[in-house]
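Given next are the chains, with one letter for each unit.
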Amino acid sequence: MIDTENLSRKFGNLTAVDNVTLHVDEGEVFGFLGPNGAGKTTTVRMLCCLISKTSGKAQIGDFTVDTEADCLKIRKLIGILPENVGLYDSLSAYRNLDFYGKLYEVPDDRRKENIERLLKLLGIWERREDLVGTFSKGTKQKIAIARALIHDPQVLFLDEPTANLDPEAAKTVRDFVLELKKEKRTIFLNTHNLDEAERLCDRIGILKTRLIAVDSPKNLERSLYSRKTILHLETVTEAVSTVVKNLGFVKSMRVSENKLILDMDNPERDNPELVRLVVSAGGNIQYVTELKSTLEDVYLKLIREAAPK
Amino acid sequence: MRLWKSWIVTAKDLAVFKKNRYVLYSLIALPVIMGVVLPVIFVFALQSEAAQATHAQLLAGAGQLGDMISTYMILIPAVLPSIIASYSFVGEKIERSLEPLLATPTTDGELLLGKSLAAIIPCMGVTYLAAAISLTIFDVWSFSALGLFLLPNVYWILAMGVISPLACIMSVEANVIVSSRMSDIRAAQQVGSLIVLPLIILVISTATGAAGSNVLLALGVSAALAIADVALFYLAKATFQREEILTKWK
Ligand SMILES: Nc1ncnc2c1ncn2[C@@H]1O[C@H](COP(=O)(O)OP(=O)(O)OP(=O)(O)O)[C@@H](O)[C@H]1O
Ligand SMILES: [Mg+2]
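Chains as they are written, first to last, in my numbering: chain Y, 2 to 310; chain P, 398 to 647.
FYI, nobody ran anything at the bench for these hints, they're computed from the structure.
Accuracy of the hints is not assured; some may be wrong.
Now the stretches of chain Y that chain P is said to cover, found in silico as 3 or more residues with beta-carbon under 8 Å [said to hold, decoys possible]: (1) 19-28; (2) 43-56; (3) 73-82.
Values in this document were obtained by computation on a predicted structure and should not be read as measured data.
Where is the CB? At the ideal position from N, CA and C, for every residue including glycine.
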């Protein structure tokens, strides 16, 4: 649904986005992670035909972002929640959405239906005639999301949808994204929030001017560090540690107080055997747990390793 | 260019203006001063000298006053757009509402036309209203004092039919260009209103009363405005482009 090939953008001497090649499937939620100034917003703006690219290719559905004719079609196909909500404070919530519905060429009756459905879904239908200027940040954000959906777009670009929201408002927005995911819309989500990315996204791209990694959150977590099993024992005896150290599937072992921290490739297969042997060597096992590397560990490692330009 | 798309933008901008007290006050204040207060003062001033003047002198004075009043009408559409358009362009910039607007399937030209019309329509509307009122005040007096309706004359028709719309368009275009460099509404208004300076030549000419030359001068000013409008149109169009707005507008 979204395809780019060596997509780049320069501002004068500054390269904001460097040779990004990625593919997002139809119905996929794709998270775009990266520090401030990584080029996330710039990428989204290029994909939405808002600013031009310096080089490379980009395509949404069957349309390329090169010609004005294709761009008009792309703009109809996509909805965008920009970094700043940009609603008209002196108009009502309804009038804001109605205005955009008209610009997106949604026929009168469908426009009415869509506004009602979206505002009800987001719990602001009762306040539809209130001026947007009187709403809280979270409510404005919801209206802006409704605006992005007013024409039933197949592809949705969300630029940091939960930034600056309190935890509850952020949760409503996140739950709403999950609803949209069920409707099989393609969603491109810019975020700084790792937890959010992990919960919402099928795949994640990590960007720091260049695209550093793309994979599912699970695979990213696994990719960098091998998996570790932790064995909590009443006490770590000599007998137990000798047995464990000499097991073929244990790649390395570290002792920390009453814990054994074991590096192994396939814990699901080997842990039962490990437990049996430890027990028969007289070990009193209290817990067996997995030491996971989090998306945060992976993210920070990748970002730090990414060579500065 | 789809005019109905531009009209959606115009209608939205007009709705926003309706909620803006400052825009409403300007739309009322300037026409009231130019179209009612000044003509009444001038007419009274002339009337107070009528007793000592010969018919020929009075006729000459009335002719000059008619041209002066027509000229003041031109100042309305020249000044007002700098106030209104600055809300529509700098205002959107401040509210950061241009990006979602630019993301819609609407061309830059359609958006620019829509926003320009939103400034032009109310400004020309109140200009013609003020012109109708001032014309009535003047003619009521000229008929009672001289037995003649002196307005509309050729100069008035040029002023209202040609110079006013051209001046209005110029003012809006100048404001688009000014707005792209400024993020303060007041500053944009002040710079934008400099656009009236060239029109001062008409104010001076009609006030000093080389009466017969006013029509020629008006034709010259019309031509100059037309040229300026075309030039500013291209500049404004080049300024109002997605890429420019999102990457260069400060
Ligand atoms: N109009 C512009 N002119 C010059 N440089 C720009 C412009 N827009 C963006 N940049 C630069 O491009 C780089 C990428 O910016 P971008 O806004 O895409 O980052 P981002 O990943 O969205 O950051 P954030 O998380 O802060 O939103 C930054 O270094 C920024 O300063
Ligand atoms: Mg950003």
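| Violating hint indices (sorted, rising) | Of the numbered hints, just 1 does not hold.
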